[in-house]
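Asker: Given next are the chains, with one letter for each unit.
There are 2 protein chains.
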Amino acid sequence: MSEAASAPAGPATVGDSEFDRDTAVTRRAPGVYDIDLSAGWTVLGAVNGGYLLAVLGRALADALPHPDPFSITAHYLTASRPGPAVVRTEAVRTGRTLSTGQASLLQYDDEGNEVERIRVLASYGDLDALPDDVRTTAKPPALPPLERCFGPQDGPSPVDGGSAIADRLMIKLDPDTLGWALGQPSGKGEMRAWFGLADGRDADPLSLLLAVDALPPTAFEMGLSGWVPTVELTVHVRCRPAPGPLRVAVTTRNLAGGFLEEDAEVWDSADRLVAQSRQLARVRLS
Amino acid sequence: MSEAASAPAGPATVGDSEFDRDTAVTRRAPGVYDIDLSAGWTVLGAVNGGYLLAVLGRALADALPHPDPFSITAHYLTASRPGPAVVRTEAVRTGRTLSTGQASLLQYDDEGNEVERIRVLASYGDLDALPDDVRTTAKPPALPPLERCFGPQDGPSPVDGGSAIADRLMIKLDPDTLGWALGQPSGKGEMRAWFGLADGRDADPLSLLLAVDALPPTAFEMGLSGWVPTVELTVHVRCRPAPGPLRVAVTTRNLAGGFLEEDAEVWDSADRLVAQSRQLARVRLS
Chain R
1 MSEAASAPAG PATVGDSEFD RDTAVTRRAP GVYDIDLSAG WTVLGAVNGG YLLAVLGRAL
61 ADALPHPDPF SITAHYLTAS RPGPAVVRTE AVRTGRTLST GQASLLQYDD EGNEVERIRV
121 LASYGDLDAL PDDVRTTAKP PALPPLERCF GPQDGPSPVD GGSAIADRLM IKLDPDTLGW
181 ALGQPSGKGE MRAWFGLADG RDADPLSLLL AVDALPPTAF EMGLSGWVPT VELTVHVRCR
241 PAPGPLRVAV TTRNLAGGFL EEDAEVWDSA DRLVAQSRQL ARVRLS
Chain V
287 MSEAASAPAG PATVGDSEFD RDTAVTRRAP GVYDIDLSAG WTVLGAVNGG YLLAVLGRAL
347 ADALPHPDPF SITAHYLTAS RPGPAVVRTE AVRTGRTLST GQASLLQYDD EGNEVERIRV
407 LASYGDLDAL PDDVRTTAKP PALPPLERCF GPQDGPSPVD GGSAIADRLM IKLDPDTLGW
467 ALGQPSGKGE MRAWFGLADG RDADPLSLLL AVDALPPTAF EMGLSGWVPT VELTVHVRCR
527 PAPGPLRVAV TTRNLAGGFL EEDAEVWDSA DRLVAQSRQL ARVRLS
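Just so you know, the protein sequences line up as chains R and V, in that order.
Mapping the first sequence onto this note's numbering, position 80 (from 1) lands on 80, and the numbers just tick up by one.
Mapping the second sequence onto this note's numbering, position 176 (from 1) lands on 462, and the numbers just tick up by one.
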């Protein structure tokens with residue numbers, strides 16, 4: 001077989017990439033989907049919440065008449081594990097411009113009983129049908145050029161590279177929000193990074209659900225360590241992202257009573273604010 | 287009957303006020319509640335979304351083992367009308383610290399069929415059980431003293447007083463965000479006000495759900511008029527509010543594609559950030 005006949009060496013594409021294969025759901029019955037949750041999107045054994053949201057978002061995109069999640073909220077109930085799972089969806093209301101749906105991700109305990117992992121409520125629309133007016137006053141985050149930011153692959157392991165998901169993401173952190181990795185957290189609840197998929201697949205509305213929950217916790221820059229489990233995550237997808245790397249800025253303003261919020265903004269290469277998210281997370285003070 | 291035996295003339299209290307009476311739900315069966323939606327909380331005939339969220343929040347507080355909404359998300363499906371309604375709840379998961387529940391508000395069409403108005407997903411906890419650490423970096427909004435702010439009752443009707451809800455709320459807008467009422471909107475997506483209930487009832491977690499959706503739309507200050515219907519509203523209640531008036535600051539950063547987000551912060555008299563909310567709303571450009 002000649003070299004010319006082998007697979008092209010170019011970047012992965014939307015629809016033909018590891019992210020697409022690992023979020024693919026199989027319709028078992030109307031509104032019911034099977035999936036094998038991949039171990040490739042875990043952080044220290046825990047399946048990443050953004051990857052899980054993308055799985056649920058994909059099932060809802062199939063179950064509802066509109067393709068794109070305009071607003072999607074997930075409550076994380078129990079820890080998901082790699083392996084078989086079922087997504088059960090319900091079309092709550094179907095409208096002309098928006099449809100609202102609900103979904104549950106379930107797995108099985110040792111006795112084979114269903115255990116609910118995540119409950120989702122979402123409204124879907126068609127991003128391509130929106131008018132192209134933009135009156136935003138928001139400004140893109142001030143990030144150094146990508147080549148002056150740092151990821152797990154750079155230098156003497158400044159960022160924990162022990163997570164499977166790290167091999168699948170292109171995350172380059174702003175040095176100004178990397179102090180925690182050097183033992184000198186800034187004390188500010190900020191985390192900024194360039195973001196993409198490691199195989200070069202461009203962003204789409206589903207991968208934005210991953211982008212908002214992929215950076216290290218802002219709590220690290222506030223001098224805290226340990227697990228920051230998400231209670232609830234809401235994402236607004238506002239625009240179809242242009243090709244090229246994304247910029248993600250995450251901010252925490254209120255750490256109190258053992259909880260914090262993380263607000264994320266995602267900007268595309270055309271300087272459009274393509275997604276806004278907020279999550280409520282628990283934090284163990286240390 | 288002597289004057290001494292008549293009702294005390296002091297302010298209304300939590301549990302004995304118009305807001306409490308108008309959000310009271312009656313349990314018909316386990317998890318199912320009846321309510322008569324009051325016409326007193328309407329804006330030009332439409333029932334206020336924050337009042338409706340408080341009704342749903344109250345039903346969930348009864349249905350779940352924890353009392354306070356830590357994170358509550360509502361998707362507004364169809365327009366609610368004053369009159370009879372049913373709330374159906376489901377306890378999704380009950381944990382030690384948090385419980386997750388779902389609720390639907392339903393009314394009836396002319397043929398007596400149930401029509402779903404609102405679908406809610408929420409996690410509840412106990413605010414009084416939280417540790418009292420505060421490491422917030424957020425600052426309270428800079429608002430002039432209450433007596434230098436303006437409401438519907440002040441002056442030559444600077445704010446539309448034609449809504450029933452205006453009689454039940456104490457809203458005093460910062461003059462800096464009142465330009466729209468004088469035909470001179472600032473162009474900035476900001477709205478700030480002192481907030482309370484007109485009968486003097488102090489705030490509690492349920493009335494915070496009302497506070498985040500009670501100010502005029504930020505779109506007014508961006509020079510737009512008309513209806514700004516909420517698609518989705520998420521509220522995080524972070525702290526039990528201290529007695530006294532609240533300060534509410536609402537900000538819009540991204541108006542694009544016919545949608546905008548409204549972020550609200552609610553601060554209490556003790557300078558604690560007691561609630562954070564975000565809603566996605568549709569806007570008709572004019």
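Hints listed in this document are in silico derivations from the structure and should not be mistaken for laboratory results.
Where hints are given, some of them may not hold.
[To be verified] Straight-line distance between alpha carbons at most 25 Å, and here's what the computed BS3-like set of lysine-lysine pairs gives:
1. Lys-188/R with Lys-425/V
2. Lys-139/R with Lys-425/V
3. Lys-139/R with Lys-474/V
4. Lys-139/R with Lys-188/R
5. Lys-474/V with Lys-425/V
[Said to hold, decoys possible] Just a few of them, taken from the derived set where beta-carbon distance is under 8 Å, the chain R residues facing chain V:
6. Pro-67
7. Arg-135
8. Gln-184
9. Gly-257
[As the list claims (entries may be wrong)] Chain V stretches covered by chain R per the calculated footprint, using a threshold of three residues with CB under 8 Å from any CB of chain R:
10. 320-331
11. 450-463
Virtual Cβ for every residue (Gly too), placed ideally from N, Cα, C.
Asker: When the nearest CB of chain V is found for Pro-67/R, is that gap smaller than 8 Å?
Answerer: 15 Å, violated
Asker: For the pair we were handed, Lys-139/R and Lys-474/V, check the Cα-Cα distance against 25 Å.
Answerer: Cα-Cα ~14 Å, so holds.
Asker: Given Gly-257/R was flagged as interface, is its beta-carbon under 8 Å from a beta-carbon of chain V?
Answerer: Holds, because the Cβ-Cβ distance from Gly-257/R to chain V comes to roughly 4 Å (cut-off 8 Å).
Asker: Closer than 8 Å Cβ to Cβ for three or more residues is the test here. Does the segment 320-331 of chain V pass it with chain R?
Answerer: violated (count 0)
Asker: Given the hint that Lys-188/R pairs with Lys-425/V, test it: the Cα-Cα distance must not exceed 25 Å.
Answerer: 14 Å, holds
Asker: Closer than 8 Å Cβ to Cβ for three or more residues is the test here. Does the segment 450-463 of chain V pass it with chain R?
Answerer: violated (count 0)
Asker: Against the 25 Å threshold, does the CA-CA distance of Lys-474/V and Lys-425/V hold or violate the hint?
Answerer: Answer holds: Lys-474/V to Lys-425/V is near 19 Å, not above 25 Å.
Asker: Let's test the interface hint: is any C-beta of chain V closer than 8 Å to that of Gln-184/R?
Answerer: Because about 18 Å separates Gln-184/R from the closest Cβ in chain V, which is outside the 8 Å limit, the hint is violated.
Asker: Would you check the hint for Lys-139/R and Lys-425/V, treating anything up to 25 Å between C-alpha atoms as holding?
Answerer: 21 Å, holds
Asker: Do the alpha carbons of Lys-139/R and Lys-188/R lie within 25 Å of each other, as the hint requires?
Answerer: 19 Å, holds
Asker: Does the CB of Arg-135/R sit less than 8 Å away from some CB of chain V?
Answerer: Because about 4 Å separates Arg-135/R from the closest Cβ in chain V, which is inside the 8 Å limit, the hint holds.
Hint violations for this structure: numbers 6, 8, 10 and 11, all remaining hints satisfied.
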